[in-house]
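Chain by chain, the residues:
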Amino acid sequence: MIPRHLFIAISVLLLAVLGMSLYAWRMRGRAAAGPAVSVDSRPVVPPVAGATEQVTLFVAYDDTGVLHAQSASIPLPSVRQQRAEELLRSLLAVYLDKASPHPLPQGSDVRSVYLVDPGLAVIDVNAAFADGHRSGVLSEELTVASLIETLSANLPGILRVKILVEGKQRDTLAGHADLSGFFDVAAVNQMSTQLESGQ
Amino acid sequence: MRSTRKEIFGHSTRGQPIRRWRSGGAAAGTLLLFVGLLASGAVPEKHLAVYSTAANYSLPIVQRQGHEYIGLLELLDPLGMVSAKSEPPRWRVHYNNVLGEFTVGHTHGRVQGRDADLAGKFLMENGRGLVPLASLGSLLPRFLGGPATLHAESGRLFIGSIATHFTASVPSEDPSHLVFRFTAPVNPSVATEPGKLRMTFSHEPVTAPASSTLTFGSKTIPEATYSETDGAAQVTVTSTVPLIASFSRDGRTITLAPVKSQTAAATTGTPVTEAAAPAPSAPGTANTVASPQNTAATQPPAPKPSSSVARRYFAVVDASHGGNDRGEALSSTLAEKDVTVAFARRLRQELENRGISTLVLRDSDATVSVDDRAFYANTTHAAVYVALHAASNGHGVRLYTALLPYSGEDDRGPFRAWTTAQSSSMPLSQAAAASVAAELKKQQVTVRTLAAPLRPLNSVVTAAIAVEVAPPGSDASQLMSPDYQQLIASAVANGIADIRAQLGAAP
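Sequence lines, in order, name chains W and L.
Per numbering that gives the first Met the number 0, the first sequence runs over residues 0 to 198.
Per numbering that gives the first Met the number 0, the second sequence runs over residues 0 to 506.
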């Protein structure tokens, strides 16, 4: 024999479950139909304090598939590692601009650059950088060359470069450019010469 | 009313309440499960796969009133000229010159003025006419004027004599192999698990053999079973050893063989297919046409370079990506992996037309790792390896040679470092790229030659180039244009043929 109050309580609970399920179902539909949450691309580090210096940025251009060396004046700190990070962030700022010649996904950032003697630089980019990167041999190659050339041209002594994503090794940038090994800067210089020529 | 409540709530007998409580609990459980399924959206949508000479396509099957229904207009649309007019409760559809008339709620319709049994009520939703799935076998021939065979359980519909049949047999000379012969080219996805190899035919109208279970009396491959489910046919082969699938005769033959036996065959030049496989021919002078083959295996390989083994294939053409790796999304409907495999087949044809025996890696939608690709290229001892890619940005063709990574390890005796195995072949690779570039320029195709950090070029021990094909204009769909593919494939084949003597002279 089921007490009446117990039956009423169970009925109310079942109705509540049904109601909440329908509510969750509707909310799920709304979330799917609504605009995707945009990545927060606001800077999380304070602006750099330091003297403005003339640097060379190697900027990729998708329309012609070439790499161009461009001069820029940017404030750089005195510590070498921070200089490396600022250089690459300045480069990324070009790519994240509305008029970018080589658009990178919103939220792309360089998490850190580690300089390890002798001559090793480890570039650690965030997941947004790699996850949303355009796929294609040339497109990915331009990005890799741009990062390495900008770093090695402004920080002499770098012989090898390793690119990590969120601190971890990744096979490719977006399906093509091999990130599993160490880049030989001398070989990348030659590759960049080809990319700069556009031939 | 009072007595009813007593009966329902169990105020009458001693044993009754528990039973009713249990049945109430079960009902509540069912309700919760249903609600949970609704909320999670876990109910899978069933589809009808339609195979016809005009098009192969898939349509959603909807559940109404406990029956499976299909939209008649959507079903007929890819097959010919079709239009529909909705005048509730009547619905008319014109297919070519055939008129069909249906009334909502009626279990019969009229096609060309003659009665047609629907095996269920006709429904209309938002002007869309729905007929019971079970009626298609009898209804469609009235519209199409030809046979239509429905496999209702698996959701497959065959229009006309479109079915692809197959046989499976174990060759008496080698009982460790199993050969499937199909009446039309097939391109299944191949998956392996311990003791089984499964081929799933999602796009081909493959139909059942005489018996759904085939036994072969082989210790290695005792049996294969055929099944159909959710719009696809599946052949599951039971084996006691890991198997590898090879495709030949343009996808009309699939040979399953133990992995070691197949690899050895590729290494030594032993023919592994029953038909057009030629005897090993001297590189550069081959004038026979090799049977095209593909290997789709998942065994982790180890590099075993050697220079003393006869060369069976002069060229290895590698359709990049495949399976789960779609490559670049060239458009909303076109994936890089599909372009590369189409291009690989065309290039193989062009090379073989020039007397260059060619092995195509990945002739199906299989997942092949880059290490496996390098392994197969190396073990076949081909003279040249060509990886194919496609891109939506830019124009023309980009040719790549390896950008070797910085390597702290050196070659040791006959063993080469895996990541820089290409180093000794770089001059040949650059020569091959230059030759292909020259031929492309002759055809007025925009071409660039670059180095790239692109695996597996750096692990291949022979001349190795990658060809990235971009569309001639701004539309990526032009990559699938037969004329454009032919132009590029022909030029690449010419470029390789031009320096075959130089490539063939390499060890």
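Since the hints were made in silico from the structure, they are not lab data.
Each residue gets a CB set at the ideal place from its N, CA and C atoms; glycine is no exception.
There's no promise every hint is true.
Residues on chain L that point at chain W, a partial pick, calculated with CB under 7 Å [as the list claims (entries may be wrong)]:
(1) ASN392
(2) LEU449
(3) LEU453
Next on the checklist: Does LEU449 (chain L) hold up as a contact with chain W if the rule is Cβ-Cβ below 7 Å?
Outcome noted: LEU449 (chain L) check passes; min Cβ-Cβ to chain W is 5 Å, inside 7 Å.
Item to check | ASN392 (chain L) as an interface hint toward chain W, with CB separation required under 7 Å | outcome: 6 Å, holds
Checklist entry - Minimum Cβ distance from LEU453 (chain L) to chain W below 7 Å? => result Holds, because the Cβ-Cβ distance from LEU453 (chain L) to chain W comes to roughly 6 Å (cut-off 7 Å).
This entry satisfies every hint, going by the numbered hints stated previously.
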